[in-house]
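Letter by letter, the chains look like this.
Protein chains: 2
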Amino acid sequence: MTQPIAIGIDFGGTNFKVALVAEDGRVLVKSSAPTDTTATPESVIAQVANLAESLLDDGHIARENVVGAGLGSPGPLDFDRGMVIHSVNLPTWENVPVRDLLAKRLNLPVALDNDANAAAFGEYWAGAGKGGGDFVMLTLGTGLGAGVVLGGKILHGHYDNAGELGHMIVVPGGLPCGCGQRGCVEQYAAAATVARRVHRAIEEGEDSLLSPMVKEGVSIDAKTVVEAMGKGDAVCKRIWDEACTYLAIACVNIQHAFNPESIVLGGGMAEAGDVVLDPVRSHFARNTWRLESDRPHIRLAALGYDAGVIGAAGLAWNAVAEVRPRDSLTP
Amino acid sequence: MTQPIAIGIDFGGTNFKVALVAEDGRVLVKSSAPTDTTATPESVIAQVANLAESLLDDGHIARENVVGAGLGSPGPLDFDRGMVIHSVNLPTWENVPVRDLLAKRLNLPVALDNDANAAAFGEYWAGAGKGGGDFVMLTLGTGLGAGVVLGGKILHGHYDNAGELGHMIVVPGGLPCGCGQRGCVEQYAAAATVARRVHRAIEEGEDSLLSPMVKEGVSIDAKTVVEAMGKGDAVCKRIWDEACTYLAIACVNIQHAFNPESIVLGGGMAEAGDVVLDPVRSHFARNTWRLESDRPHIRLAALGYDAGVIGAAGLAWNAVAEVRPRDSLTP
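The listed protein sequences derive, respectively, from chains Y and R. At position 149 of the first sequence (counting the first as 1) the number is 149 in the numbering used here, and the numbers step up by one without a gap. Each number in the numbering used here corresponds to the 1-based position in the second sequence with 1000 added.
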């Protein structure tokens, strides 16, 4: 191949993924491998770089056609210094200058952002937000990850920690969150927390189609909850609907804070499709103000689990566009 | 005077204010006059322009030393077209191209923003946020007005309505708001709503030092509430503390959304000084997450009722700086 490409890397505590991504956001080729959480950061970075280079070699892509690499990493990060400060899932990572280490290893410019922001940028650039304006993504997975793109750029904030919308308090004094707060929207509206709330309701004696699973110690996930709802389960329906209600209230607050063109729902809970989108839209319309001209579109994510690698590559493309402005390069 | 100045105009439904403002944000001279809400928009604009010109004449300021004018106006506005779409307090104003009308009348470039944003920009540029980074202002007056300044610019959002933080829902299903929502922070934490809640509690039979006032039909304001608290009134204390709690929760949500350097409290309720600042800070510390490195400073506003005219002038200075970049001109 002779077309220019960027390397997108989605770096996780379980696996890392690498993709070669064209200027229009198309994934040309991708691969993944398990992350060795016991190895030194330098060794992990070498593994990531090796996988990227093998993809280039397999595709017969000349190095001069690679514009750069982007890395979505768990955080918190120090953006100025391109560092992973620490990571819950990567115990050996403390103040690792991952951007510069990877840049040196690949001999390429590297753009760094956190994983939730990279996924949000992917959807903005090449997915559900493509061609639109200011954009907010909510990833409803183990937690509620989020990313905010304003004026084509990921919002970092003064202390590098903007867009942590999963920790928006929607229920003062509500359920405790691992972050130390109470009533975070993440505790109500993420794939894992919905499943956990159903499990707890059953443990506390509510009768559900899933009661036998709980008794047998089988774990419940969001998909199980959606299936039980489809069979008319009242407990699952109530907890799912509460999740959608609080998600809608979060969307109202996002509307008034950022007034984005769209809010996109991704992650495990969003795999339910219209089963999540329809109630969120209807609770949103019921909860927001009368003015209709400033309402964001609420949509489902389009890129699935590739959003992270695509967004990371998009950051690399964006960095190129800033150095060498050209209309076709701006997302 | 030969120093360059910008004209700042704060345009309200009761009065309009005009100030001549130096490049460092100092007000050189100011004046105000009642707004004639029955006159045509053209006639009102002529009155505003006349007052500005009389200030220039009185100060012997040559026209070539005036860099431009800024206007803070009630809204909603159409920023692209520089228009007031309509205004609750100005019944004759419908789709008025106020920016261009004023520019033509003054023969100067005019920058337009809404009144809450102009006040926020004033505090950011020359007041409590001076020299700092990303900035959020909450004006706790009749309602809860807000403005967000990111990267030195007021955030407008895709639909021109960002930063409407008074309508952040902090109590799902809570008190009804004029906007059509329930549980907006404005219904709990603004000068007028605190006074209204005290009034209602007394009407509903609670015993307060202010009960005789309510019985006699004397109106209560935030200052009265603070005075009664000072004398140990339990009803006022409870409602004030609730206001500060919900304000603190709003600040937590602002922290996670924008992660600004500072959040500044202004308006009538903020005139209570430490009586509002101390409880908001302490409820904030109690309600936010464990991470301490990304907490915004919470401060009182510094410019009082001049924030609007100063901010409007700051917008004019900013527009000049964009056309003719010079370090000293950027805020």
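These aren't lab readings, by the way, just hints derived from the structure by calculation. A virtual CB, placed ideally from N, CA and C, is assigned to each residue, including glycine. Keep in mind that a hint or two might mislead.
[Stated by the list, open to error] Computed list of lysine to aspartate or glutamate pairs in EDC-like fashion (alpha-carbon distance at most 20 Å, straight line): (1) Y:K153 / R:E1261; (2) Y:K153 / R:E1204; (3) R:K1153 / Y:D274; (4) R:K1153 / R:D1024; (5) Y:K237 / Y:E292; (6) R:K1237 / R:E1261; (7) R:K1237 / R:E1227; (8) Y:K231 / Y:D274; (9) R:K1153 / Y:D160.
[Claimed, not checked] So the derived list for chain Y, only partly shown, Cβ under 10 Å to chain R, looks like this: (10) A146; (11) G152; (12) H156; (13) G157; (14) V171; (15) L175; (16) Y246; (17) I249; (18) I254; (19) L291; (20) P296; (21) Y305.
Verification of the hints:
1. Y:K153 / R:E1261: Holds. K153 (chain Y) to E1261 (chain R) sits at ~19 Å (cutoff 20 Å).
2. Y:K153 / R:E1204: Violated, at roughly 51 Å.
3. R:K1153 / Y:D274: violated, 38 Å
4. R:K1153 / R:D1024: Holds, at roughly 17 Å.
5. Y:K237 / Y:E292: violated, 29 Å
6. R:K1237 / R:E1261: violated, 30 Å
7. R:K1237 / R:E1227: Status holds; Cα separation ~10 Å.
8. Y:K231 / Y:D274: holds, 16 Å
9. R:K1153 / Y:D160: holds, 18 Å
10. A146: Where the cut-off is 10 Å and the nearest Cβ of chain R is about 9 Å from A146 (chain Y), the hint holds.
11. G152: violated, 12 Å
12. H156: Since chain R brings a Cβ to about 7 Å from H156 (chain Y), closer than 10 Å, the hint holds.
13. G157: Holds. Min distance 3 Å.
14. V171: holds, 7 Å
15. L175: With a closest approach of 14 Å, the L175 (chain Y) hint is violated.
16. Y246: Cβ of Y246 (chain Y) sits 7 Å from chain R, so the hint holds.
17. I249: holds, 5 Å
18. I254: Nearest chain R Cβ about 8 Å off; hint holds.
19. L291: holds, 8 Å
20. P296: Holds. Min distance 8 Å.
21. Y305: With a closest approach of 25 Å, the Y305 (chain Y) hint is violated.
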